[in-house]
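With these hints in hand, go ahead and build the complete structure from the sequences.
Listed below, chain by chain, are the residues.
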Amino acid sequence: MKISMTVNGEAVSGEVEGRTLLVDFLRNDLKMTGTHIGCDTSQCGACTVHVNGMSVKSCSILAAEADGADVATIEGQANQDGSLNVIQQAFQDHHGLQCGFCTPGMVMAATELLKHNKKPTVAEIRHHLDGNICRCTGYHNIVKSIMAASGQDVSSIAAE
Amino acid sequence: MYNFEFVKPSSISEAVTALTDEEATPLSGGQTLLPTMKQRLANPEKLVSLAGIAEMQGVTEADGMVHIGAATTHATVAAKAQSYPGLAKLAAHIGDPAVRNRGTIGGSLANNDPAACYPAAALASNATIVTDSREIAADDYFQGMFSTALGEGEIVTAVRFPVPQVSNYQKFEQPASRFALVGVFVAKYADGVRVAVTGASEDGVFRWSEAEAALESNFSADALANLTVSAQDMIEDLHGSKAYRANLVKVLTGRAVKAAN
Amino acid sequence: MPKDSGIGASTKRVEDQRFLTGKGRYTSDINLVNQTHAVFLRSDVAHGAIKSIDTAAAAAMPGVLAIFTGEDFAEVGGNPAGWAITSRDGEPMKEPKRPVLAHGKVRHVGDAYAAVIAETVEQARDAADAIVAEIEELPAVVDMSAALAGGPFVHDEIETNQCFDWGWIEDNRAATDAAIKNAPHVTTLELINNRLVPNAIETRASTADYDPGTGEYTLYTTSQNPHLTRLLISAFVMGIAENKLRVVSPDVGGGFGSKIYHYGEEALVLAASKKLCRPVKWTATRSESFLTDAHGRDHVTKIELACEKDGTFIAFRTDTMANVGAYLSNFSTATPTFLHGTLMAGNYTVPHVYVNVKTVFTNTAPVDAYRGAGRPEATFSIERVIDKCAHELGLDAMEMRRKNFIKPEQFPYVSAAGLEYDTGNYDALVDKLNELADFKGFEARRKLSEADGKLRGLGINAYIEACGLAPSNLTGVLGSRVGYYDAATVRVNATGNLSVMVGAQSTGQGHETAFAQVVSEMLGIDQSSIDIVHGDTAKIPFGMGSYGSRSIAVCGPAVVRATEKIINKATKIAAHMLETAEADIEFKDGQFSVAGTDKSVSFGEVAFKAYVPQNYPVEDLEPGLEETAFYDPGNFTYPSGAYACEVEVDPETGKVTVENFTAVDDFGNVINPMIVTGQVHGGIGQGIGQALLENCAYDDNGQLLSASYMDYAMPRASDLPFYTVDHSCNTPCTHNPLGVKGCGEAGAIGSPPTIVNAVINALHSAGHTHVTHIDMPVSPARVWAAINAQ
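Residue numbers (our numbering), protein chains in the order written: chain F, 1 to 160; chain L, 1 to 261; chain H, 1 to 790.
Hints in this document: simulated from the structure, not taken from any laboratory. It is possible that part of the hints are untrue.
To be verified - Some but not every residue of chain F turned toward chain L, in silico, with C-beta under 8 Å:
| # | residue |
| --- | --- |
| 1 | Met1 |
| 2 | Ser4 |
| 3 | Val56 |
| 4 | Ile61 |
| 5 | Leu62 |
| 6 | Ala64 |
| 7 | Asp130 |
| 8 | Asp153 |
| 9 | Ile157 |
To be verified - Under the rule of at most 30 Å between Cα atoms (straight-line distance), these lysine-lysine pairs were calculated in the DSS-like manner:
| # | chain 1 | residue 1 | chain 2 | residue 2 |
| --- | --- | --- | --- | --- |
| 10 | H | Lys23 | F | Lys115 |
| 11 | H | Lys23 | L | Lys89 |
| 12 | H | Lys565 | H | Lys588 |
| 13 | L | Lys89 | F | Lys119 |
All C-beta atoms, glycine included, are put in the ideal place defined by N, C-alpha and C.
Structural data, given as structure tokens:
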């Protein structure tokens, strides 16, 4: 069946099967491989995108369900001139990523959090990441990056 | 997954019609069904999405009742069910933020996972499960793990919760799945106290009636002091023994009562 | 004053740009024209005799291009064991064949016995479902004791489930036994080092592309060591000529050891691509990853610590059963022996050490190195038995350790387990730990926890580890079948920028930044003009890859030596350009100048001259500016540390939360402190995961109970605290030009015993002194059961 949606502000359309997941549509049909697949039980969050402004696990929503929706992925987060946005820059500044595989999901999750909660506490950040698993960082610098992105002081969060 | 026909009706009656096909399965948030289908453990030939049915969406509160459309997401319940804080908080701790943006109360209740949270809330509130053809009291709805009173092709369209005087849900998370290893929902109404337990029993969600009786005369944690929970029908698995779950039932009930006060 | 560039600077990572914008290129992101897809059919029984495999119906299904079974690889070599171990009785270890696809028998749940290649993944999966295999289920042997006692044999032809029975150091066995027999005090601890699933968030993936025109194969694969993968496939398995096989590891999303090994799927896609003359792509699902990625740890150990009444150590003796699973993975035999037994003296001057390890085949997934690889197992055994002993003798646990520490003036020190430690200062680490972890304030914090109904415990640990694998001559003598040098080529281009090809392979460690910092510092040129190239056997001379915390300790010196050769040659060119003797040239900050004058040429000018060699001494000096170095380390490196943590225990539920964690490590010199700290964070996260959450469990029938994130508890952000990390008390490594020791695994080595020591401490503080040990994962259910077992 034919579906269409906007992805990162651009109108796209494609031919999908009933079983095509949104993540497969993004990765295989639209060739946008920034959204990753890390598990098969809807837990790891590497596939997190925004549908109509809300975080969803793109591996757990059919592409057909997103017909007509406004989808945002990691590829659309940087500034117009290609420079990293505030959240992305904070991740780089504070070493909030290592292998990078969970990172698109982390950035999308952080983006949703900071939209609704401008100055989250550490506990709120940690719980917001319940659905995003990282194996590399031990989360310390991810939490620090998100705190920093929100403009809060991170000097007390032990650095080196 | 095996392929399937996908239809997205915009009304309850359209959905019911689509579901008369015995190869059709309803799809709500998909947070449970889609992973199951990826493992090829469920292979419906037609999926009927309920996500586009406006009359199944939304939270309204009136006359001491909270009325929730079955296709309402956990995130929406968490944000909107203000008059029933115990319920709103329960919804706010299901899964994770992205799961809460898709998972629905109707999907959870129709599935009746023995470790899901909503069944405890529904049973503790003696909620009414409204379907396309009738209304079912919670006491009659839950019939064992993954088993409900719903008939073939029958869908939950709304859930109605009477708002208690006080309530609290204590969820001890199974650290991998984040479902309830044991979850206890305590609700105190004018006409009595109800204690519903999820995660613990091989028979699914159940009411701890001895605790209810004790709490009715003394709504405090020490009313439970001399009660024991039988380990016999408790679930035993990688995450806890029968005895451990039985222990948690008692501990969490006490904590729920304390927090509700 | 922290540096802002070069060695010692916390330079921001260049690789972040692509990872943060979704432009990373992981193996599964690569799609080749005309590609096909592979799906594997895997056993759902732990042990079975394959009677027949009927592929006729499957072969006729839409889109199906080829089907392979074990029969197709009967003549192909098995996946080899990389390290030969000899048993105590002189017998060589057992090496049953590990085929590309299971043949004759399936030996663990998940063992692949057929593969379907089709136009789409779903067509391949549909066809795999249609394959009719008659597999006669056999009794499975899962418990190691039962396996050693006889049980059904995982490999019938070897007539045993014991791979080998290893002793170290065998000549010291009698003296150790005697010392323990006569010791005033002996503490015994029986423990399990729990099996883990590495779970890099990127699952394994392999895509093969055979070019019939040139006869060349390209394999894109998630590997920590493309050259080693190529060597194993070429020399041992497929027989593809090494010069016709290119292995590319693009961006790799974590490895932690699980992506070191060659796996059958890599051989399969190569064979399939050759047959079809089309690319063949495979990506593991997370379920497949759980079933088939090499698991980690899985030791059952009895450790004895013999000592004087005043706590002076006399001997450590250990008896271990180590699970290797159904087949030997490439380093399965080295991990529980030379990466484990050799560390059994710890940081201590203990005079006697004897280690016995019996490795056991079982009907479970293969087990091999996982972050720490043998050293977490050794450290856990030692540091837990020390705590138990201190408790039995009524001595302070940290003072007992200090009393037995090797002192700085004793280095180089040959431990009773046979390793020569180059340098260290363990007291300095503990002093720093005292300062940072605020031991003095613990009692007040404990009272606050108590008022809240919780028990609070403080746990400590000291560790040493051996990494920077490894000196090839030494490991060769000990049985290794490969060497462990590494290599780098520094290529200066005519326009003055550099490509540095390194044999190390990043799976998240920031090599593109850290190696560039080294070269930038040495040449005095801007880091932005240095491009680090890794992950492609076509571009890089050779390398043994990244694992065992070796990238900076072994590949780093190769980069240094190659850069020194560049400077050497550039100096000669500069001398010619400046019409002076080589000895008169000074090189500083990217400028070659004549000593005592202001005549100079820049590095860039020299580079250009090398490639446009006019007025150039071609009789004496070749044009070009490119140098290669291979570096074989003189020894292992020996990071060490002292850790502390505080936990709270809820006695009614048994739940343990980690309230704080302090890690003081000696990594020698450090290239990028920010990256090093990140490595420690990640290691501690995994160590806390092992200690409290992760449990890879099989039932008696060999079914994997923890086969997804629904049952295998991965640490989430809300399970972990912030960490306080310090690596300022360092003693530079004495035997490599950078003075570095490596840091990738330390966090995972030192943290599990720290956590468990803290939990036991918490329980003891509430009078539950009957609890002397709880096996990992120290889950709420286990804590509760321990408290209530009177």
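Next item on the list: Quick one: which hint numbers does this structure break? Sort them smallest to largest.
Entry: 2, 8, 9, 11
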